[in-house]
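Undergrad: Residue numbers (the working numbering), protein chains in the order written: chain A, 1 to 342; chain B, 1 to 342; chain C, 1 to 328; chain D, 1 to 328.
If you're looking for bench data, these hints aren't it; they were derived computationally from the structure.
Treat the hints with care, since some could be wrong.
DSSO-like, lysine-lysine: derived pairs with alpha carbons at most 30 Å apart [to be verified]: (1) C:Lys283 / C:Lys113; (2) C:Lys170 / D:Lys288; (3) C:Lys140 / C:Lys170; (4) D:Lys85 / B:Lys120; (5) A:Lys120 / C:Lys113; (6) D:Lys170 / D:Lys309; (7) C:Lys241 / C:Lys170; (8) D:Lys277 / C:Lys241; (9) B:Lys120 / D:Lys198.
A few chain A residues that face chain B, going by a derived Cβ cut-off under 8 Å, partial list only [unchecked claim]: (10) Val287; (11) Phe291; (12) His305.
Note that beta-carbon positions come from the ideal geometry of N, C-alpha and C, so glycine has one too.
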Amino acid sequence: MSKKSFRQAVNEALRQEMERDPTVVLMGEDVGGGMGAPGEDDAWGGPLGVTKGLMSQFGRERVLDTPITESAFIGAAAGAALRGLRPVAELMFVDFMGVCFDQIFNQAAKFRYMFGGTAKTPLVIRTMYGAGFRAASQHSQCLYPIFTHVPGLKVVIPSSPYEAKGLLIQAIRDDDPVIFFEHKVMYDDEEDVPDDPYTIPFGEARFVREGEDVTIVAIGRMVQMASKAADALAKEGISCTVLDPRTTSPLDLQSILESVQETGRLVIVDEANPRCNIATDISAQVVEQAFESLKAPIRMVCPPHTPVPFSPALEDAFIPSPEKIAAVVRSVMASPTRQAAA
Amino acid sequence: MSKKSFRQAVNEALRQEMERDPTVVLMGEDVGGGMGAPGEDDAWGGPLGVTKGLMSQFGRERVLDTPITESAFIGAAAGAALRGLRPVAELMFVDFMGVCFDQIFNQAAKFRYMFGGTAKTPLVIRTMYGAGFRAASQHSQCLYPIFTHVPGLKVVIPSSPYEAKGLLIQAIRDDDPVIFFEHKVMYDDEEDVPDDPYTIPFGEARFVREGEDVTIVAIGRMVQMASKAADALAKEGISCTVLDPRTTSPLDLQSILESVQETGRLVIVDEANPRCNIATDISAQVVEQAFESLKAPIRMVCPPHTPVPFSPALEDAFIPSPEKIAAVVRSVMASPTRQAAA
Amino acid sequence: MEPSRALQLNREELLRAYRQMRTIREFEERVHTEFSSGAIPGFVHLYAGEEAVAVGVCMHLTERDCIASTHRGHGHCIAKGCDVKGMMAEIFGRADGLCGGKGGSMHIADVAKGMLGANGIVGGGAPLACGAALAAKTLKTGGVAVAFGGDGASNQGTTAESMNLATVWKLPVIFVLEDNGYAESTASSWSIGGDAVKRAEGFGMPGVRVDGHDFFAVYEAMHDPIARARAGEGPSFLHVKVNRYYGHFEGDAQTYRAPGEVQRLRAEMDCIERFRKRVTEAKVLEEKDLAAIDREVLELIEESVRAAKAAAYPPPPALLSDVYVSYP
Amino acid sequence: MEPSRALQLNREELLRAYRQMRTIREFEERVHTEFSSGAIPGFVHLYAGEEAVAVGVCMHLTERDCIASTHRGHGHCIAKGCDVKGMMAEIFGRADGLCGGKGGSMHIADVAKGMLGANGIVGGGAPLACGAALAAKTLKTGGVAVAFGGDGASNQGTTAESMNLATVWKLPVIFVLEDNGYAESTASSWSIGGDAVKRAEGFGMPGVRVDGHDFFAVYEAMHDPIARARAGEGPSFLHVKVNRYYGHFEGDAQTYRAPGEVQRLRAEMDCIERFRKRVTEAKVLEEKDLAAIDREVLELIEESVRAAKAAAYPPPPALLSDVYVSYP
Ligand SMILES: Cc1ncc(C[n+]2csc(CCOP(=O)(O)OP(=O)(O)O)c2C)c(N)n1
Ligand SMILES: Cc1ncc(C[n+]2csc(CCOP(=O)(O)OP(=O)(O)O)c2C)c(N)n1
Ligand SMILES: [Mg+2]
Ligand SMILES: [Mg+2]
């Protein structure tokens with residue numbers, strides 16, 4: 001156990017799985033770096049250095065730099081997964097899904113079903129998401145609701161270094177296609193992470209803190225925001241449960257329902273654009289299944305229905321903040337309480 | 001006014017707008033057909049004959065057949081829209097979005113915002129969606145929740161021939177990018193459609209029928225299914241409002257809220273896969289804004305979280321049917337009624 | 001060109017080639033009839049007329065090798081050894097179809113046999129073939145992969161990207177462009193701007209053009225690409241000129257074709273007739289050998305249809321299975 | 001090659017070309033410094049070293065013509081006539097930036113001027129250029145369109161598809177491949193399997209290779225493509241070999257480059273120095289003309305940065321505006 005950054009946790013998960021299983025291969029643009037160039041090999045490790053060192057350790061046969069052709073190499077990863085490899089492909093920014101989505105949602109995601117259960121596709125796609133990097137409209141999106149919508153995909157959104165390592169190892173060992181979301185502003189976050197490999201199962205939410213008044217479900221980086229909000233609210237005497245679903249597909253609805261049954265109030269924090277996102281998804285499922293437990297309207301804290309703006313002033317206003325979350329929780333606490341069913 | 005099929009209504013809308021405005025051009029695979037071939041020109045009009053006759057009338061300069069390169073021609077449509085044309089591009093099946101989504105969601109949808117309001121992109125993308133054609137997993141999807149999620153796009157889902165003509169004319173005259181969904185099993189549906197051009201504004205839901213007990217919101221083809229369910233329920237003394245939002249972006253939430261305030265019960269029918277779809281979107285928004293009006297849980301009628309199966313037996317079970325809708329409405333009516341806020 | 005190596009095929013191999021071509025033909029002719037009678041639902045794209053391509057290519061392959069196919073995939077499936085009865089049952093949507101009835105004509109697959117699936121997405125297969133080739137290379141199986149794609153598919157970005165990736169990664173892939181003259185109703189002479197073989201060379205691989213009505217020419221043309229791939233020297237490209245006998249899909253009125261075009265093709269260019277003529281004239285096979293195969297194939301197809309029609313549809317719970325290996 | 005036509009440029013045109021190259025250079029050098037000091041947020045990709053390409057190409061264009069640019073777009077913007085102060089303010093995220101601060105470095109655009117936007121998506125611009133060319137053709141404006149794209153972008157499927165579409169539709173487009181040796185840290189000699197000019201020919205258009213450090217060579221090489229486009233004869237392709245002086249983005253440690261690579265390039269290959277030498281030796285311009293421009297450009301950049309820093313950020317309501325023209 002030692003302090004590790006999110007970046008290190010991801011790197012370590014990849015390294016340990018590659019050591020364990022020779023069929024695990026990495027591919028992506030500059031995941032090693034320096035191909036054909038006169039300077040260093042392994043020159044990049046991705047734009048933010050997450051895969052740095054892996055090409056040196058495992059060689060170019062297992063850490064494959066690619067041309068900038070996402071359809072070709074993500075499709076190749078899917079094809080290779082059908083035939084005995086366990087590829088971990090890097091879609092550098094999830095914003096680039098538009099040039100290769102077919103290979104993900106029509107091919108990899110559907111093989112097993114279309115082929116009547118006769119195939120499996122153990123593919124992991126790692127990808128960066130999220131706002132706050134001043135990276136503007138085409139490098140700041142979340143988009144995980146789109147992947148969550150697609151049957152056949154699993155969607156993993158780790159909220160801390162510890163989570164990242166355990167969930168990524170699980171993803172690599174999983175036999176289904178997994179989209180693994182890494183928030184670009186979280187790479188330097190640090191916490192204690194075990195040195196040995198470990199897994200965190202999919203579909204089991206994490207209770208980040210337990211409280212009595214309100215349940216806050218938060219996704220990915222929003223877990224931090226929600227925790228800060230909960231800290232502030234605690235000082236005002238409002239006690240919050242903060243729940244991190246970890247995976248949006250599969251979703252641990254059970255844990256959410258149980259928490260809502262206790263608190264009677266639910267706030268959902270999602271950094272994705274508001275229409276058809278995870279917040280609406282969870283809200284609708286809870287209403288369908290635990291309407292009787294709700295003492296107040298479920299409220300969602302999300303960015304507006306706009307692209308991510310570049311200007312720091314605007315981008316900060318775009319992202320759900322602890323202050324906004326706290327304000328919404330207060331409003332939920334202030335709602336007139338409903339009675340149980342007659 | 002005369003009886004027209006959905007196919008004819010779409011064709012007529014295109015023809016009349018092309019007659020009115022010389023900047024309207026059509027493009028897509030075989031929208032005319034027969035390019036370079038020894039037989040007839042205008043040989044296809046799309047795989048289901050929807051654009052038949054337009055190439056003959058308007059010539060090849062305005063009805064542009066394309067190679068099978070959706071990124072190139074849909075991106076070209078977006079670029080042309082920036083520079084003075086009003087292209088109507090055909091993405092044959094919405095299932096093919098995966099090979100060209102970038103040009104739609106990162107380019108066309110974001111130009112206006114990224115460029116600070118200095119540009120407009122009057123682009124229409126017509127596309128076929130939906131199950132029931134025995135067309136299997138890659139030709140039967142809905143996918144409109146994905147487009148609804150994207151800021152900058154408008155999403156139109158007509159539920160009848162009359163609706164199709166008025167909404168398509170509106171779409172062509174609209175200055176923003178519009179995705180226009182045509183259900184492939186509805187092309188032969190007929191109803192009275194005015195011969196003259198007319199528009200139906202976006203963001204104004206249609207009350208298909210008004211009732212007192214339950215509000216059913218249904219999307220696209222599901223409006224028919226919901227209406228049939230409402231017929232059956234009427235015989236049992238359950239009186240339903242059936243509401244067709246017409247456009248999911250913008251969404252006429254106001255009309256939905258007003259109806260729910262009257263009925264106190266809401267069932268949403270969506271042919272899209274259940275996670276992060278329009279049903280969850282509407283449910284969550286209603287809960288947030290009209291929680292006090294709800295007498296019972298909001299229920300959603302959607303297909304399961306699976307690809308669309310080929311086998312007719314399975315595909316029929318996949319699609320929400322009038323029977324399923326009616327059963328869910330009955331269950332909502334049977335829920336214990338909640339009291340108003342204390 | 002005298003396809004010397006092709007005539008070195010032994011009697012057994014030639015019989016196998018004939019049997020496969022004949023099986024594809026009868027399969028497609030029968031599916032055509034069954035579709036017309038309303039017994040088969042959905043979109044069906046027939047391969048009749050193009051048999052020599054699938055068979056000429058796949059004669060070089062074994063189960064360690066893979067192919068990625070297209071919406072017009074029945075021929076590739078049969079040539080790659082998929083079970084014919086399983087295929088027919090699949091097209092009829094029955095529980096004992098190769099994909100349990102869930103895939104249908106456009107999604108028939110047998111991954112264990114190296115058939116990575118027909119594909120509903122034009123250009124969808126080329127990246128998958130690259131992946132199979134990568135797996136073969138990494139796991140050192142000695143396998144190669146073939147990406148079939150039509151003239152329409154040849155323009156898709158996925159095809160170009162895959163060709164580049166195959167060169168850069170030196171993958172054992174062969175790209176086979178089945179140019180049957182049309183993509184839907186659009187002539188390939190119009191839609192392919194420039195020249196497909198030159199493109200392939202521009203992407204760094206050797207390319208040749210070959211007559212797809214001639215089994216021996218296709219078989220011969222595959223020799224060097226296969227050798228190159230197996231030797232670890234990278235990808236190759238074949239531009240096969242051929243024709244389809246039916247419409248783009250069943251139901252296509254084909255008004256874009258010249259009057260009498262298909263009759264002429266059937267009369268003058270038929271790959272099975274040519275094969276027959278060639279092998280009998282060369283006296284390597286006799287008419288009676290071929291006639292025996294014809295009979296067996298007809299029986300097989302008849303039995304496939306009979307069995308498919310008699311088979312059960314998948315039970316309701318099948319709707320929900322096979323989405324994931326595991327999903328808590 | 002003696003670029004005859006380039007030397008036919010008149011004094012005023014040569015001064016304009018020099019001013020633009022110098023403006024791009026100073027702009028980029030200054031953005032580099034400002035980024036290092038922390039004044040500029042986000043991802044910034046600098047064009048320094050490649051000035052002769054943007055300027056040599058855009059000298060042929062007027063406002064009826066369009067360009068589609070890339071993530072490395074500042075040079076294209078300036079060469080196409082975008083307001084330099086508006087650009088700087090945009091990069092600083094200010095309200096009076098060309099895009100109101102909402103776009104930033106990777107999304108600068110001025111559609112009215114024919115600049116269809118930098119682009120955060122590699123390969124994203126080529127289809128847009130085809131669209132602008134189609135609009136020009138349909139509306140008979142006489143305009144042409146240029147698609148700039150890097151060596152990395154040249155492999156993207158969108159590029160291949162656009163080249164084919166341009167040929168098939170006979171569009172007035174010129175595809176300019178700016179091969180600066182690297183895509184991020186990857187050498188273009190590795191990532192481009194085969195040969196880019198051959199590919200273009202395979203897509204049915206003429207292609208030439210040109211030295212991008214030589215303004216005159218680029219200008220000259222554009223002559224035929226422009227003439228061809230304006231005459232309605234279809235697309236052309238330029239493979240421009242050039243180099244970038246800075247990292248892929250600001251912050252890139254560039255360990256993939258050879259030691260001393262950039263110093264050598266600056267010393268031996270600099271396009272501005274070459275231009276200077278050429279025009280002064282040919283005695284068409286004098287050192288003092290150039291020095292005057294140098295001063296004016298420096299002032300302009302200085303003033304742009306000063307103004308940008310002093311400018312206001314967009315007001316909070318700007319977050320919500322400009323998503324749609326109308327949205328009830
Ligand atoms: C991405 C995509 N675009 C369009 C289609 C619709 N479509 C199916 S087959 C076809 C024509 C394909 O032509 P070609 O590649 O020549 O194959 P052929 O049908 O001639 O065998 C088209 C346009 C599709 N399935 N996928
Ligand atoms: C579709 C897509 N894939 C990857 C990236 C990340 N990316 C941005 S620039 C770049 C390299 C581009 O190289 P090149 O086209 O040669 O242009 P250069 O940077 O050399 O000007 C990459 C990989 C992207 N922006 N878009
Ligand atoms: Mg074809
Ligand atoms: Mg480059």
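Undergrad: Evaluate each hint against the coordinates.
TA: For each hint, the structure was consulted:
1. C:Lys283 / C:Lys113: Violated. Lys283 of chain C to Lys113 of chain C sits at ~33 Å, over the 30 Å cutoff.
2. C:Lys170 / D:Lys288: violated (55 Å)
3. C:Lys140 / C:Lys170: Since the Cα atoms of Lys140 of chain C and Lys170 of chain C sit roughly 14 Å apart, the hinted pair holds (cutoff 30 Å).
4. D:Lys85 / B:Lys120: Holds, at about 23 Å.
5. A:Lys120 / C:Lys113: holds (14 Å)
6. D:Lys170 / D:Lys309: At roughly 46 Å apart (the allowed maximum being 30 Å), Lys309 of chain D and Lys170 of chain D break the hint.
7. C:Lys241 / C:Lys170: Measuring from Cα to Cα gives roughly 26 Å; hence the hint holds.
8. D:Lys277 / C:Lys241: Measuring from Cα to Cα gives roughly 55 Å; hence the hint is violated.
9. B:Lys120 / D:Lys198: violated (37 Å)
10. Val287: Constraint on Val287 of chain A satisfied, holds at 5 Å.
11. Phe291: holds (4 Å)
12. His305: holds (5 Å)
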